[in-house]
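Asks: Let the hints inform the model, and build the full structure from the sequences given.
So the protein sequences, as listed, match chains A and B. The opening position of the first sequence corresponds to residue 1 in the working numbering, with each subsequent residue numbered one higher. The opening position of the second sequence corresponds to residue 362 in the working numbering, with each subsequent residue numbered one higher.
FYI, nobody ran anything at the bench for these hints, they're computed from the structure. Errors might be hidden in some of the hints.
[Unchecked claim] Residues of chain A clear of chain B, computed beta-carbon distances all greater than 10 Å:
hint, residue
1, K211
2, Q245
3, R319
[Unchecked claim] DSS-like mimics (lysine-lysine), calculated; alpha carbons at most 25 Å apart, straight line:
hint, chain 1, residue 1, chain 2, residue 2
4, B, K488, A, K92
5, A, K285, B, K490
6, A, K169, B, K391
7, B, K409, A, K52
8, A, K52, A, K310
9, B, K475, B, K412
10, A, K180, B, K376
11, B, K490, A, K52
12, B, K389, A, K169
13, B, K468, B, K409
14, B, K409, A, K285
15, B, K412, A, K54
16, B, K409, A, K289
17, B, K458, B, K435
18, A, K54, B, K376
19, B, K490, B, K434
20, A, K2, A, K23
21, B, K409, B, K482
22, B, K376, A, K169
23, B, K468, A, K54
24, A, K169, A, K197
25, A, K287, A, K92
26, B, K482, B, K468
27, B, K469, B, K412
28, A, K180, A, K199
29, A, K3, A, K30
30, A, K47, B, K412
31, B, K376, A, K178
32, A, K54, A, K289
33, A, K243, A, K94
34, A, K178, B, K468
35, A, K285, B, K376
36, A, K323, A, K233
37, B, K389, B, K482
38, B, K482, A, K52
39, A, K180, B, K482
40, B, K468, A, K169
Think of the CB as a built atom: it goes at the ideal place given N, C-alpha and C, for glycine as much as any other residue.
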Amino acid sequence: MKKTINIPLGSQHISLLEPVRFKFECENEKIVGVDSDVGFVHRGIEKACTTKFKYDGIGYVVARVCGLCAITHSLSYTVAIEELLNIEVTSKAKYLRILLLELDRIHSHMLCLSHTCENAGFEAMFMRIMGDRELIMEIQELLTGNRIQFDYINIGGVNRDINLEVATKIVNNLDRVKEKVMGYVDEFTNNWSLSLKFKRIGALSLDDAYKFNAIGPLARASGLNIDVRNEIKYLPYHEIGFKMQTHIDGDINARNIVRLNEILNSIEMCDNILAGIPEGEIQTKYKGKPNGESVVRFEAPRGELMYYVKANGTAMLERVRIKTPTFASIPAFSHIFMGENYADAPAILASFDPCLSCTAK
Amino acid sequence: MFTSFFKAFTNLFRKPQTIDYPLTPIPKDKDYRGLIEYREESCIYCLKCEKACPPGAILFVKSDNPSQNEKNKKGLVYNYNPYLCIYCSECVRACPKPDEALWQSNKKPEIAIKSDNVNSKWFELEKLK
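Replies: Listed below in structure tokens is the structure:
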């Protein structure tokens, strides 16, 4: 006689922000088997990039892959094309690109933390973090003109310059956010619902993180020193005080702490950028059509994002391949669920911060 | 425990974080991205904006009664679809006369309802191209 029962989670579930379906095989309360389906929001963006749009408009198309890491997508694509066209971007444009990349990381991590609170039943904290996240949204809107779909990066530079008024507002708001995040660190370390309850739940060991190819905060929470920002030469991260944030526990609490430390590091980096932003143009002129192949990697809020672009000297590209962080982490996700209680599944899932729009694209 | 009681009490007198929206307008910055505006008299009909637009929200279509602009030799008329526009302002950067012929405002488009037939009118224009 069969001793296990199958319980689905999704594709529509109260704890999910986006549609994903997990089929858990449970033995009493314990999960013994996991099957997942992530393709519910497929929009055919890779195909559209090679059939409908010319190479200079695709930066805006790929930004629509995902709302939370829109800037990383358009930046990765733009850098891939800039490599093919041999464009040297001015250092001011590079610093402005990092500034927005880090602001985006702050608001994405804050959304994940608030969602973790909501799944822990701590609604008041959820509202507090979402309210404070507005400070970041406000400065993003001042800098780029939009809250989410920034459309800030174009081939050869950035679309808008920063002025003193906006820079002052950014510094003031980041100071306020820093103060608030310090308060969250206290809550996430000492509050029973957010720290002790999450200890040793959904743990991933260092060996398993290595074996299952975990990336992003998920891997760093297990002690794996992996961050694309540390490896790329294109953006000057080493000049603005980037520090790798790792933890050794690998459980839900460790992931939250890693995210909080990353927010603090990002705020520090933004302050450093604004303190020493160089003078100069924000746009480099270019000519010609892309030809050849290029691969570009960047650190999105959820981990490594990879773009492969193949062009043939015409305005239409031959291939655009997007490898997103959540897609690469699915084997690690499935492994973490094994041996856990079914009741913990929504909290574990929220701690991964999965982005299904990216994954299904 | 005392501090939590104190906080709960003071919260009664704090202002909400949200805006009382229909009564209080949402604060708007002059640089927010909104509708693309066009002045026909200054346009030189180079069609660079039409080529630069990623979603194709600007169309110059031949018309029977075009404007009296002397640069308009082909008899074209400017058409703009605010519901297709992504407000990226690529057209403004491509324009040889930005701020005179084409510029970005911070206004919002009006809400379109079904009887406006926004899509079918635009599809008709695309057929003329």
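Asks: The structure should be examined with respect to each hint, and the outcome stated for every one.
Replies: Hints and how they fare:
no. : hint            : in the structure
1   : K211            : 42 Å, holds
2   : Q245            : 29 Å, holds
3   : R319            : 20 Å, holds
4   : B/K488 x A/K92  : 44 Å, violated
5   : A/K285 x B/K490 : 30 Å, violated
6   : A/K169 x B/K391 : 15 Å, holds
7   : B/K409 x A/K52  : 19 Å, holds
8   : A/K52 x A/K310  : 16 Å, holds
9   : B/K475 x B/K412 : 29 Å, violated
10  : A/K180 x B/K376 : 18 Å, holds
11  : B/K490 x A/K52  : 17 Å, holds
12  : B/K389 x A/K169 : 15 Å, holds
13  : B/K468 x B/K409 : 23 Å, holds
14  : B/K409 x A/K285 : 16 Å, holds
15  : B/K412 x A/K54  : 10 Å, holds
16  : B/K409 x A/K289 : 17 Å, holds
17  : B/K458 x B/K435 : 20 Å, holds
18  : A/K54 x B/K376  : 50 Å, violated
19  : B/K490 x B/K434 : 17 Å, holds
20  : A/K2 x A/K23    : 17 Å, holds
21  : B/K409 x B/K482 : 23 Å, holds
22  : B/K376 x A/K169 : 22 Å, holds
23  : B/K468 x A/K54  : 29 Å, violated
24  : A/K169 x A/K197 : 38 Å, violated
25  : A/K287 x A/K92  : 21 Å, holds
26  : B/K482 x B/K468 : 22 Å, holds
27  : B/K469 x B/K412 : 24 Å, holds
28  : A/K180 x A/K199 : 23 Å, holds
29  : A/K3 x A/K30    : 12 Å, holds
30  : A/K47 x B/K412  : 21 Å, holds
31  : B/K376 x A/K178 : 22 Å, holds
32  : A/K54 x A/K289  : 10 Å, holds
33  : A/K243 x A/K94  : 19 Å, holds
34  : A/K178 x B/K468 : 33 Å, violated
35  : A/K285 x B/K376 : 49 Å, violated
36  : A/K323 x A/K233 : 20 Å, holds
37  : B/K389 x B/K482 : 31 Å, violated
38  : B/K482 x A/K52  : 22 Å, holds
39  : A/K180 x B/K482 : 50 Å, violated
40  : B/K468 x A/K169 : 23 Å, holds
Checked against the numbered hints listed earlier, the structure breaks hints 4, 5, 9, 18, 23, 24, 34, 35, 37 and 39; every other hint is satisfied.
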